[in-house]
Amino acid sequence: MAEKKAETTTTKSSKKANLLDHHSIKHILDESVSEVVTNRGHVENVTMSNIRLILGSIIIAIALFAQFYKKKFPENRDYLIACILIIYIKEKNAILFTYPPPGSFTSTGLVISSKLPRFSDQYTLSIASADPKSISAGKPVEFTRTVTQWFTKEGVLVEGLFWKDVESLLNKYSAEPKKTK
1 MAEKKAETTT TKSSKKANLL DHHSIKHILD ESVSEVVTNR GHVENVTMSN
51 IRLILGSIII AIALFAQFYK KKFPENRDYL IACILIIYIK EKNAILFTYP
101 PPGSFTSTGL VISSKLPRFS DQYTLSIASA DPKSISAGKP VEFTRTVTQW
151 FTKEGVLVEG LFWKDVESLL NKYSAEPKKT K
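The sequence shown begins at 1 in the working numbering and counts up by one.
Hints are computed from structural coordinates only; laboratory data are not their basis. Mixed in with the good hints, there may be bad ones.
[Unchecked claim] Cross-link-like lysine-lysine pairs, in silico, DSS-like; alpha carbons within 25 Å at most: (1) Lys115 with Lys26; (2) Lys172 with Lys133; (3) Lys115 with Lys153; (4) Lys153 with Lys15; (5) Lys139 with Lys172; (6) Lys26 with Lys164; (7) Lys172 with Lys26; (8) Lys164 with Lys16.
[Claimed, not checked] Taking CB as the label site, the calculated pair distances span: (9) Ile59 with Asn93: 14 to 22 Å; (10) Ile62 with Glu154: 39 to 47 Å; (11) Ile62 with Val158: 39 to 47 Å; (12) Ala82 with Thr152: 43 to 51 Å; (13) Pro101 with Met48: 13 to 21 Å.
Since this is a predicted model, take the numbers as computed values, not measurements. We put the CB at the ideal spot given by N, CA and C, even for glycine.
Start from the sequences, fold in the hints, and give me the full structure.
Now the structure itself:
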C-alpha cells in the first residue's frame with residue numbers, strides 16, 4: 001500500500017510532456033527554467049507579461065474591428081499590414097524577466113529566452129541582461145542541446161539533469177569575466 005502511495009506522489013510531482021508536440025515540450029522546459037531561476041533568488045518582473053497581455057487584448061480588438069470593417073481586402077490593405085506588424089512585435093522568445101537579486105551588486109535583472117524550432121529537437125536557452133548597456137551587465141550566454149537527453153521515453157522530464165544544465169548556464173552568466181593582462 002505504501003509503495004502505491006509513493007508511486008502516485010512521484011508521478012504527480014513529475015512533469016510529463018507529449019513527445020510528439022513540441023509546444024508541450026517547450027512549455028514544460030520553460031516552466032522548469034522559471035522555477036530554477038526563481039529558486040536562485042531572482043524575483044520575476046511581471047511588467048512585460050502585463051504589457052504582453054494588454055497588447056494581446058489590443059490585437060484582439062483590432063482583429064474584431066478588421067473582421068467587421070466596412071471596406072474589403074484591397075481597400076483595407078494598410079490596416080491589415082499595421083495589424084500584422086503589431087502581432088509581429090508582440091511575439092518574442094523571452095520567457096522570463098527578473099529584477100536583480102536582493103543584495104546583489106548588479107543593477108539589472110535577467111532576460112531569459114528560449115527557442116525550440118518546429119520539427120527540431122534542439123532547445124536553445126539564452127540568458128542576457130535586462131539592460132545590456134548597463135555597466136553591470138554580463139555578456140549574454142546560451143546553450144543549445146537536444147531535448148532527448150532530458151526526457152524519458154514516456155515523456156517525463158528528468159528535472160535533475162535539466163536543472164543542472166540551467167544552473168550551470170546561470171553560473172556561467174554570473175561568473176566574473178576573466179581579466180586579461
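Which of the numbered hints above does this structure break? The structure breaks none of the hints.
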